[in-house]
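**Student:** This is what each chain is made of:
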Amino acid sequence: MGHLEPVSGEDSLSRRKFIVTGISAAGGLALGFAFPGLAFARPLSSAPWSNDAVATNEINAWILIDPDETITIRIPHAEMGQGAGTANPMIVAEELECDWAKIKGEFASPNRNVRENNVYKDQNTVGSRGVATSWQYLQQAGASARGRLIQAAANRWNVAATECVAENGAVLHKASNRRLTYGQVAADASKIKLDKEPAIKSPDQFKLIGKPMPRLDTPVKVNGEAKFGIDSKVPGMVYAAIESCPVVGGTLASVDESGVAGKRGIVKVVKLKDAVAVVADNTWRAMEGLNALKITWNYGPGANSDSAQMKQLYRDTLNEPMVQARKDGDAAGVLAQASRVVEAVYEVPHLAHAPMEPLNATVHLQADRLDVWMGTQSALSTLQQGAEASGLKPEQVYIHNAYLGGGFGRRSKNDEMVQAIAIAKDIGKPVKLTWSREQDMRGDRYRPQAAAKFRAALGPDGMPLAVETKLAVGSINRSLGRPVDNGLEGQAVDGIANSPYKIPNFYVGGAMKNTHLLVNFWRSVGGSQNCFFYESFIDELAHAAGKDPLEFRRAMVDRVDFVGVIEKLNEKSNWKTKLPKGQGRGIAVAENHGSVVGTVAEVTVNDRDQIRVDRLVVAVDCYHVVNPKIIEAQMESGAIYGLSAVLYGEMSVKAGQVQELNFDTYRVVRQAEAPKIEVYLVPSGGAKWGGIGECGTATIAPAIANAIFAASGKRVRELPLKNVKLSQLASI
Amino acid sequence: MVTLKVNGKTHALDIEGEMPLLWALRDEIGLTGTKFGCGIAQCGACTVHVDGVATRSCSVPVASVAGKNITTIEGLASADGKLHPVQAAWVAEDVPQCGYCQSGQIMAAAALLREKPNPTDADINGITNICRCGTYIRIRRAIHRAATTKA
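Note that the protein sequences, when read in sequence, are chains A and B. Using this note's numbering, the letters of the first sequence correspond one by one to residues 1 to 732. Using this note's numbering, the letters of the second sequence correspond one by one to residues 733 to 883.
Simulated from the structure, these hints should not be mistaken for laboratory data. You may find that some hints are simply not true.
[Stated by the list, open to error] With a cut-off of at most 27 Å between alpha-carbon atoms, the simulated DSS-like pairs for lysine-lysine come out as follows:
# : chain 1 : residue 1 : chain 2 : residue 2
1 : B       : 741       : A       : 233
2 : B       : 848       : A       : 233
3 : B       : 814       : A       : 102
4 : A       : 676       : B       : 848
5 : A       : 629       : B       : 814
Between the sequences and the hints, there should be enough to build the whole structure, so can you do that?
**Tutor:** This is how it looks when you write it as structure tokens:
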């Protein structure tokens with residue numbers, strides 16, 4: 001049996017005409033759709049999975065040019081809303097000197113990457129790396145293709161390549177007024193080997209990079225065409241629903257299947273070590289079948305924990321020996337001598353990622369081949385994971401990455417695919433496994449719970465003389481089965497250990513402590529808790545010194561990026577103007593995922609303990625701007641994501657079971673609560689390119705907490721705010 | 733047998749009357765533009781129009797909408813492919829990020845504009861569809877833009 005391509009629904013088939021676009025690597029037909037009466041262009045296909053075969057019109061693995069001048073650029077990274085699907089091709093096109101209107105994007109094949117010695121480099125879309133670590137080789141791919149197109153035209157004219165230039169999709173020989181389009185020389189160019197790779201442009205030469213180009217994926221995301229993993233359908237496919245043990249670490253004891261006996265459409269009840277799946281001929285029937293089972297679990301030791309016990313665990317861990325992450329001067333010594341020590345303990349709970357698209361995977365397992373249709377942030381690691389789970393070789397595994405219905409870190413570890421492979425093995429058919437929202441919340445790998453203890457002493461000038469930070473936090477490495485080198489992982493102290501503030505005696509230590517819950521990367525990672533802790537405490541120090549919180553920070557930095565962000569916030573937030581009683585303004589700045597970001601929040605508090613966030617002013621220095629529109633959108637996105645966590649985010653635990661299993665209890669921000677958000681880009685240039693997908697979340701919590709203090713005199717030291725009664729907090 | 737009229741086309745489906753409309757659309761008819769997000773009418777990713785009214789299809793049994801006019805995101809544009817003003821506004825404002833909730837957001841906005849051609853910000857706040865990418869600011873802007881272009 002050959003390679004299955006997803007098929008569309010009946011309705012689509014009746015409206016659209018099938019056309020054959022190519023032959024897949026396995027010899028099967030790859031199907032595409034023609035759209036009669038096309039109302040607008042679709043520069044990215046609604047079905048984003050890559051072509052795994054080598055196409056005949058490739059200039060190199062990254063660029064395809066058709067005789068009709070259409071240029072297809074391969075996108076190495078996943079598109080989960082962060083904009084790599086537009087930003088990556090912009091970088092290639094910058095060097096290619098072509099007409100942006102003729103560009104099509106196509107996602108690069110993870111399987112080909114494995115077969116062809118890592119030709120697409122890093123396809124794991126994590127750590128805000130989509131542009132920050134790929135710009136150089138994307139530029140090089142474009143420059144290399146341009147060089148070969150020029151050489152091909154020069155050969156045709158029998159002139160030196162140095163006499164020719166590339167411009168707007170064509171090669172020109174100005175001396176003889178001759179011109180060949182890329183489409184005319186593409187076939188020749190694909191055979192050319194250059195003696196030396198052309199140099200890439202420097203930022204001052206950019207023409208396309210920096211422009212607010214419309215996103216390439218918008219057209220297919222406004223009419224229902226865009227295919228997410230959950231929309232996959234392959235011939236002969238059945239549907240599965242799953243429930244894992246409500247206590248993480250527990251196992252399945254037994255299943256009473258009498259409830260599904262005689263129910264329509266049920267194919268099989270599949271028992272896994274720690275979960276039960278029901279396979280049926282429709283997603284709803286599978287979910288209903290699951291509900292009809294009586295499942296008995298062995299809960300295991302995790303069942304002995306609850307929220308209060310877990311909170312105490314992290315508080316207690318603060319008193320354990322710390323692993324040193326940074327030491328400047330002698331903070332402990334200075335604090336021992338200080339006449340006044342400012343102290344505070346901060347805490348945050350576990351958080352779910354809750355992407356809009358619940359996790360899912362569609363798997364077709366054959367003797368010598370595994371095909372998976374899903375949305376993954378980590379196509380390459382997922383491919384390896386698929387090889388392990390199926391017992392096949394990596395080159396036999398095909399990950400057909402779809403549009404991701406949100407990632408935020410959750411889709412970097414694909415438990416759903418491993419489950420789907422186990423189910424497919426059991427039933428011997430292609431299967432789509434869809435997690436319910438409840439399973440998505442229960443089966444999440446959460447943002448770690450954490451606590452921090454600070455001690456500080458101010459100098460005679462009111463500026464910090466010594467700051468000591470002790471952190472207790474869940475280890476992501478341990479949850480992923482990776483070692484924790486030297487007892488402390490980088491993300492545990494990120495946001496504090498890399499503090500830019502000039503504090504002569506500065507100590508940061510951490511201790512890793514895990515509960516039975518699994519933890520993982522969550523948008524802005526260490527910054528999501530540490531920036532709240534640290535930037536709130538810095539605010540406490542400013543107030544203890546009687547200094548303006550913005551000026552206090554400004555006086556402690558000399559880095560151009562931090563100064564630029566603080567000064568932009570000062571200007572755009574009208575920091576110096578007074579707000580009416582009951583309102584307050586708070587600032588926070590941080591370095592996160594390679595960029596420097598800051599937020600000024602404006603809040604209103606009332607005497608009924610209600611808090612409303614009115615306005616967020618965000619400034620970011622990511623050094624180089626590929627697409628300002630996408631960066632602004634990412635800052636807004638990060639702000640709303642952070643705001644949901646500040647107001648409501650919490651996984652509470654009873655008898656080891658997470659309680660918030662859907663959006664009724666895991667509340668998130670909706671339109672009515674979305675504040676005004678203003679975004680300002682202050683790129684300072686230089687050698688480094690910053691990340692943009694995550695940093696927007698990092699400073700939201702502290703800016704809001706600091707604004708609450710300015711409005712009320714009450715210091716919020718734990719989140720979420722839904723649990724905080726301002727009237728019951730001591731005034732400072 | 734349940735007869736559903738979706739985007740002007742009639743589907744006679746041999747399915748249970750209690751099957752939620754969402755799953756009949758997605759798994760039986762093959763219209764996957766309408767999304768599953770929560771299953772309990774909280775998030776709105778599954779929003780469609782039933783006789784013009786925004787409806788959370790995950791929580792509506794097909795028996796209750798048999799014979800009614802159901803419109804999904806696939807049927808919002810006109811037959812010649814011309815985008816609905818809300819879709820056009822979404823393109824102009826580059827609203828979507830991950831895009832998963834946007835079918836529901838667009839359907840909710842289109843229903844609002846049908847009812848209130850010039851919605852206020854307070855009217856727009858009445859849309860409770862969740863977007864985890866936080867595109868709310870752009871959604872608001874796009875709804876105002878669509879109202880202007882419609883008028």
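**Student:** Now tell me if each hint is right for this structure.
**Tutor:** Results for each hint:
Restraint check for residue 741/B and residue 233/A: the C-alpha separation of about 22 Å stays at or below 27 Å, so the hint holds. Under the criterion of a C-alpha separation no larger than 27 Å, the hint pairing residue 848/B with residue 233/A is inconsistent with the structure, at around 38 Å. Note on residue 814/B and residue 102/A: the hinted pairing holds, with a Cα-Cα distance of about 22 Å set against a maximum of 27 Å. Taking the CA atoms of residue 676/A and residue 848/B, the gap is about 23 Å. The hint holds against a cut of 27 Å.
A C-alpha spacing of about 26 Å is found between residue 629/A and residue 814/B, which places the hinted pair at or below 27 Å, so the restraint holds.
The earlier numbered hint that this structure contradicts is number 2, and it is the only one.
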